[in-house]
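There are 2 protein chains.
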Amino acid sequence: MTDEVLEPAAQDFQLLRILAALADPHRLAAVRYVARNGESWCTQVMQEAGLAMTKSTFSHHLRILREAGVLTKRIQGTKGYTRLRKDDLDRRFPGLMDSIIEADVSLSSSDPPT
Amino acid sequence: MTDEVLEPAAQDFQLLRILAALADPHRLAAVRYVARNGESWCTQVMQEAGLAMTKSTFSHHLRILREAGVLTKRIQGTKGYTRLRKDDLDRRFPGLMDSIIEADVSLSSSDPPT
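Chains as they are written, first to last, in my numbering: chain A, 843 to 956; chain B, 843 to 956.
Worth flagging that the hints you see were computed from the coordinates, not collected in a lab.
What you are looking at is a predicted structure, and each value in this text was computed from that prediction instead of being measured.
Check the hints yourself; a few may be wrong.
[Stated by the list, open to error] Which chain B residues stay away from chain A? Per the calculated CB distances, all over 10 Å, these:
{"id": "1", "residue": "Val847"}
{"id": "2", "residue": "Asn879"}
{"id": "3", "residue": "Gln889"}
{"id": "4", "residue": "Glu890"}
{"id": "5", "residue": "Gly892"}
{"id": "6", "residue": "Thr899"}
{"id": "7", "residue": "Ser901"}
{"id": "8", "residue": "Gln918"}
{"id": "9", "residue": "Arg934"}
{"id": "10", "residue": "Ser941"}
[Said to hold, decoys possible] Derived CB-CB ranges, DEER-like:
{"id": "11", "chain 1": "A", "residue 1": "Glu944", "chain 2": "B", "residue 2": "Glu881", "range": "22 to 32 Å"}
{"id": "12", "chain 1": "B", "residue 1": "Thr920", "chain 2": "A", "residue 2": "Glu909", "range": "37 to 47 Å"}
{"id": "13", "chain 1": "B", "residue 1": "Asp845", "chain 2": "A", "residue 2": "Gln886", "range": "42 to 52 Å"}
{"id": "14", "chain 1": "A", "residue 1": "Gly919", "chain 2": "B", "residue 2": "Lys897", "range": "55 to 65 Å"}
{"id": "15", "chain 1": "B", "residue 1": "Ala852", "chain 2": "A", "residue 2": "Asn879", "range": "26 to 36 Å"}
{"id": "16", "chain 1": "A", "residue 1": "Thr920", "chain 2": "B", "residue 2": "Glu890", "range": "52 to 62 Å"}
{"id": "17", "chain 1": "B", "residue 1": "Asp932", "chain 2": "A", "residue 2": "Gln853", "range": "25 to 35 Å"}
{"id": "18", "chain 1": "A", "residue 1": "Lys921", "chain 2": "B", "residue 2": "His902", "range": "41 to 51 Å"}
{"id": "19", "chain 1": "A", "residue 1": "Thr920", "chain 2": "B", "residue 2": "Ala894", "range": "45 to 55 Å"}
{"id": "20", "chain 1": "B", "residue 1": "Glu909", "chain 2": "A", "residue 2": "Glu944", "range": "17 to 27 Å"}
{"id": "21", "chain 1": "A", "residue 1": "Gln886", "chain 2": "B", "residue 2": "Thr920", "range": "34 to 44 Å"}
{"id": "22", "chain 1": "A", "residue 1": "Gln918", "chain 2": "B", "residue 2": "Asn879", "range": "23 to 33 Å"}
{"id": "23", "chain 1": "B", "residue 1": "Thr896", "chain 2": "A", "residue 2": "Thr899", "range": "32 to 42 Å"}
{"id": "24", "chain 1": "A", "residue 1": "Ala851", "chain 2": "B", "residue 2": "Arg933", "range": "29 to 39 Å"}
Don't be surprised by glycine CBs; every beta carbon is placed ideally from N, CA and C.
Isolated chain A, as found in the complex:
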């Protein structure tokens, strides 16, 4: 299986790109899920983080997070697993991910617009 997503090295992380990747309710929920649960099967992230979307849409969100450097993905057999690049993120932007993971977030703001 080819995976053409380019995950940047930590020294190439861009704060703006990371903020933009996190500034989406579904992506933020996915990141907070893997932050709490460690490396997770991608399908499990979708299901347990309450992301009601197609697999293709989830892949799109995952790609944005990976290209920003927030998450990384590993293929094992036919399954993809993702985890937070916590050490890299902490080294480049100390405190950023902790503040976001631990934030008292009301995700009611993620309710779809009517």
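Using the hints, position chain B against chain A.
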């Protein structure tokens, strides 16, 4: 002078909205400028943070930051002054603004796309 921008109370801050407000190179530069310099005349922020844009465009960015709760604005005479809502932000999302203000940011990522 009427100012119809609604600045939320700290308990109504939404992490997603704050992240989205910060995920723009001009807005991030403005926020980092006032974080370093304290309350500043809006025109000064534009000029000294290197924001090459019309006053109207700057007002638009400032509005997004104010509606998210990142900045507040005060009118004195004919001049508007803005400052970071650091205490409110720290109370709601501890560590978030410090990590962003202190980040070793290469704003080269804000270069306009060619």
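Evaluated hints:
1. Once the 10 Å rule is applied to beta carbons, valine 847/B is consistent with being away from chain A; the minimum gap is 19 Å.
2. Distance check for asparagine 879/B against chain A: the nearest CB is about 19 Å away, which clears 10 Å, and the non-interface claim stands.
3. With a closest Cβ-Cβ approach of about 22 Å to chain A, glutamine 889/B is found to remain outside the 10 Å limit, as its non-interface label requires.
4. With a least beta-carbon separation of about 20 Å from chain A, glutamate 890/B lies farther than 10 Å from that chain, consistent with its non-interface assignment.
5. For glycine 892/B, the requirement that its beta carbon stay farther than 10 Å from each beta carbon of chain A is met, with the minimum near 15 Å.
6. The beta carbon of threonine 899/B is kept farther than 10 Å from every beta carbon of chain A, the shortest such distance being approximately 18 Å.
7. For serine 901/B, the condition that its CB be more than 10 Å from all CB atoms of chain A holds, with the nearest at approximately 21 Å.
8. Non-interface call for glutamine 918/B relative to chain A: holds, since the shortest CB-CB distance, roughly 31 Å, exceeds 10 Å.
9. Its beta-carbon lying about 7 Å from the closest one in chain A, arginine 934/B breaks the requirement of being farther than 10 Å from that chain.
10. Its beta-carbon lying about 4 Å from the closest one in chain A, serine 941/B breaks the requirement of being farther than 10 Å from that chain.
11. About 29 Å separates the C-beta atoms of glutamate 944/A and glutamate 881/B, a value consistent with the hinted range of 22 to 32 Å.
12. Separation of threonine 920/B from glutamate 909/A is about 45 Å and conforms to the stated range, judged on CB atoms against 37 to 47 Å.
13. For aspartate 845/B and glutamine 886/A, the hinted distance range of 42 to 52 Å is satisfied, since their beta carbons lie about 48 Å from each other.
14. Glycine 919/A and lysine 897/B have their C-beta atoms about 58 Å apart, which keeps the hinted 55 to 65 Å range intact.
15. Alanine 852/B and asparagine 879/A have their C-beta atoms about 30 Å apart, which keeps the hinted 26 to 36 Å range intact.
16. Our hint of 52 to 62 Å for threonine 920/A and glutamate 890/B holds, since their Cβ atoms are close to 55 Å apart.
17. Checked against the hint of 25 to 35 Å, the C-beta distance between aspartate 932/B and glutamine 853/A comes to roughly 29 Å, which is consistent with it.
18. The supplied range of 41 to 51 Å is met by lysine 921/A and histidine 902/B, whose beta-carbon atoms lie about 45 Å from each other.
19. Our hint of 45 to 55 Å for threonine 920/A and alanine 894/B holds, since their Cβ atoms are close to 50 Å apart.
20. The beta-carbon spacing between glutamate 909/B and glutamate 944/A, approximately 24 Å, falls within the hinted interval of 17 to 27 Å.
21. Checked against the given bound of 34 to 44 Å, the beta carbons of glutamine 886/A and threonine 920/B, roughly 58 Å apart, lie outside it.
22. Evaluation of the 23 to 33 Å hint for glutamine 918/A and asparagine 879/B yields a failure: the beta carbon distance comes to about 50 Å.
23. For the pair threonine 896/B and threonine 899/A, the supplied restraint of 32 to 42 Å holds, since their beta-carbon distance comes to about 36 Å.
24. In this structure, alanine 851/A and arginine 933/B meet the distance hint of 29 to 39 Å, their C-beta atoms being roughly 35 Å apart.
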